[in-house]
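Asker: For the record, the sequence lines run as chains A and B. So for the first sequence, the working numbering puts the first residue at 1; every next one is plus one. So for the second sequence, the working numbering puts the first residue at 1; every next one is plus one.
One or more hints might be untrue.
Keeping only pairs whose Cα atoms sit at most 35 Å apart, straight-line, the calculated DSBU-like set for lysine-lysine is [to be verified]: (1) K369(B) - K281(A); (2) K386(A) - K209(A); (3) K427(B) - K338(B); (4) K306(A) - K62(B); (5) K62(A) - K62(B); (6) K427(A) - K362(A); (7) K282(B) - K369(A); (8) K25(A) - K15(A); (9) K427(B) - K281(A).
Estimated spans, in silico, between C-beta atoms of each pair [stated by the list, open to error]: (10) T36(B) - A60(A): 25 to 35 Å; (11) D122(B) - A2(A): 17 to 27 Å; (12) D168(B) - D53(A): 54 to 64 Å; (13) L67(A) - D230(B): 27 to 37 Å; (14) I319(A) - L67(B): 17 to 27 Å; (15) V54(A) - K281(B): 51 to 61 Å.
Simulated from the structure, these hints should not be mistaken for laboratory data. These numbers come from a predicted model, not from an experiment. Built from N, CA and C at the ideal position, the CB exists for glycine as well.
2 protein chains.
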Amino acid sequence: MANYHNLSNEALQEKYNTLQDAYEKIASQQLQLDMTRGKPCTEQLDLSQPMLDVLTSASAVKTENGLDARNYGILDGIPEAKAFFASILDVSPEQVIVGGNSSLTMMHDSIVQFLLHGVSEDAAPWVKQGNVKFLCPSPGYDRHFAICEALGIEMIPVAMTPEGPNMDEVEKLAAADPQIKGIWCVPKYSNPDGITYTDNVVDRLATMKTAADDFRIFWDNAYTVHHLTDEPDELKDIITAASKAGNSDRVLQFASTSKVTFPGSGVSVLASSESNIAFYKKNLSIQSIGPDKLNQLRHVAFLKDKATLADHMKKHAAIIAPKFQTVLSILNEKLGGKGIADWTNPNGGYFISLNTMEGCAKQVVELAKKAGVTLTSAGATYPYGKDPYDANIRIAPTLPPIQDLKKAIDVLCLCVEMVSINHLLHK
Amino acid sequence: MANYHNLSNEALQEKYNTLQDAYEKIASQQLQLDMTRGKPCTEQLDLSQPMLDVLTSASAVKTENGLDARNYGILDGIPEAKAFFASILDVSPEQVIVGGNSSLTMMHDSIVQFLLHGVSEDAAPWVKQGNVKFLCPSPGYDRHFAICEALGIEMIPVAMTPEGPNMDEVEKLAAADPQIKGIWCVPKYSNPDGITYTDNVVDRLATMKTAADDFRIFWDNAYTVHHLTDEPDELKDIITAASKAGNSDRVLQFASTSKVTFPGSGVSVLASSESNIAFYKKNLSIQSIGPDKLNQLRHVAFLKDKATLADHMKKHAAIIAPKFQTVLSILNEKLGGKGIADWTNPNGGYFISLNTMEGCAKQVVELAKKAGVTLTSAGATYPYGKDPYDANIRIAPTLPPIQDLKKAIDVLCLCVEMVSINHLLHK
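Isolated chain A (complex conformation) (with noise of 0.2 Å):
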């Protein structure tokens, strides 16, 4: 395939043609594809049915410890899923939290604490502080960005690299400025590029300097468990390697079932420091009395123990897979060799990152729009939702039956092809 940057601009403006062609055809159709959002399919969700079917016995309403999962108490989680969480994020049962529907409710209402109380009892409220600041590897989770806007946290971005976040500039940043008070991470699958972070940028995140006593690092781990391939990705585990380096209450690890069992009706997980788990604790139980403990025991009834949980998250794998799959075979037949684009191929999560070149994004996700695809927004993977390069979409492949997956995608790359080709003839 002949690369783009390489044709002269009749050969190009013929190409253009052609796909307008092509596109007015498509558009006719009146397409109706929605690829907003990293949700799991039908057929997923079927896989955990049966756990809505397992507290139907009087008896398996009781906890381990003999306490009736019906009734009020216990703040901080059920025994067995404090188990369960700890053994699947390496830690203690007494490191970990296991809360309600979302993590993300619990990364907000850990910014929340600290914003009002401070990071522990020593410390002083972020409010009383000043302007607070985040560093936000770039592209990520429009969730953790919209966090930080909706109270006022300057955000920072910081690039990505295939090895994590540029360790060079978050440790220039975080030891020259006490105004900046945290990172965001998603550390393995990262949200959208499905990057997991090396040894070595977990160790430098684990150990390097900080102009504020107070920063802390949101280690949203939500695709732990969320592998595509049966070579996982490995990742260290950063809470130890904190801890080992005297910086034991770094880390606040996140992660939940939302995409295990069913986004909803989850059940979430906060692992850190056992004095941050007692300080969360303590702002928690002015909030809530108490997690459903009810749907606690239904998960743990269900997915048991790691290797239970293993197994089930293969069957996910089984059905979207193949859908990374197609998306990527036809983003190399459709882009491949034109020097228009890239993308990723990750090992697990619920994204593809399209990269096309700069200044083209928005243009794709709005022509895709016309032709009746609806992607994220362009820019929405950057704080603010504005994209320096205009360059990066997120692919979500996981949700569409796999023919109007291939629809959406045929669409997608002729949109990219149709803008890529307009901007190289008026550049």
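Starting from the structure of chain A, add chain B where the hints point.
Answerer: Chain B in isolation, oriented as in the chain A frame:
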């Protein structure tokens, strides 16, 4: 029964000696009776056991508008849950957000929103308005007061009367001080007094002048359907009253199914003006992707409608009303006519409020604890845990089996008598 105020010191001392003998016998039994919280008993929880069994077919997990409740989507509650709670609270579905498992969390989060963002788009955040104060009708609910204390909101106690809060006080304070931003109300079967606010009190709250134009009423209608008799109290609809008075944004009404189905695994609801709901929803969108929709479906499938809910609540009453009667008859038998205590006889809710002579409650609770009966701390029903009269003791009759309840109240009465006599002897 002789009024103890009329007895000679010798007669009192003789009584005391007899009571002390009885106390020592009971103390030697090493009872372990926990009366601290208003928890449903096992028989009550069993009433809702069938709810765990309603979502076992694939069709049962669809919402009435055809969405798969197992997946992401819907921030403010599924349509059938909004309609259900709207009918219970006499508002329109557009005035309702159906949330997660805790109305306490919704109240806490509302206050946090007001602190950080203000009460509306145009309002200044409370954290930027200096010292924020709340009116706290007392005795009241300790967890309301704990939220204020944790968030640094100054609490101003206001006396409760048999009609509701002392409205002369409330109106005077609210009109005079713009730093007073809110009031806590449990308007029906109040915690702990079991008082239902009169129409006049509701109207005065809805129409009063407030110096703060961002004043909010936190209307915790926790016990709205929790009747103990066939002739339940009626509470005037404050949302309509406030709206008619031009104060449509003044009231935030909260309720939950915690004591209808399962505490911790229930569903919470916020009802307010449409503009308040829109603002809450905007803030909520940063904190959460959505509530547990499967649990909302479970509730609607099980509780169905207003009439089915009312039948269900009658089953609760059949279990707990005899426990209230047991407490009342022991109090009457042991303490009646002695001039040392009075107590409430509520038509609903979860508590009986016992008032000792001034300066006695703490000692009573301590003495009972030594005999193995743990009561809610004396003072807990007042802001900062400080009952200025040291008189109020909250009795929670629902949880213990009736035999245990009898023992516990026997001990309590014994302790009230002993402490009262001691008080009379040394005054």
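Asker: Hint numbers the structure violates, sorted upward?
Answerer: Numbers 9, 11, 15 - these are the hints that the structure violates, sorted from lowest upward.
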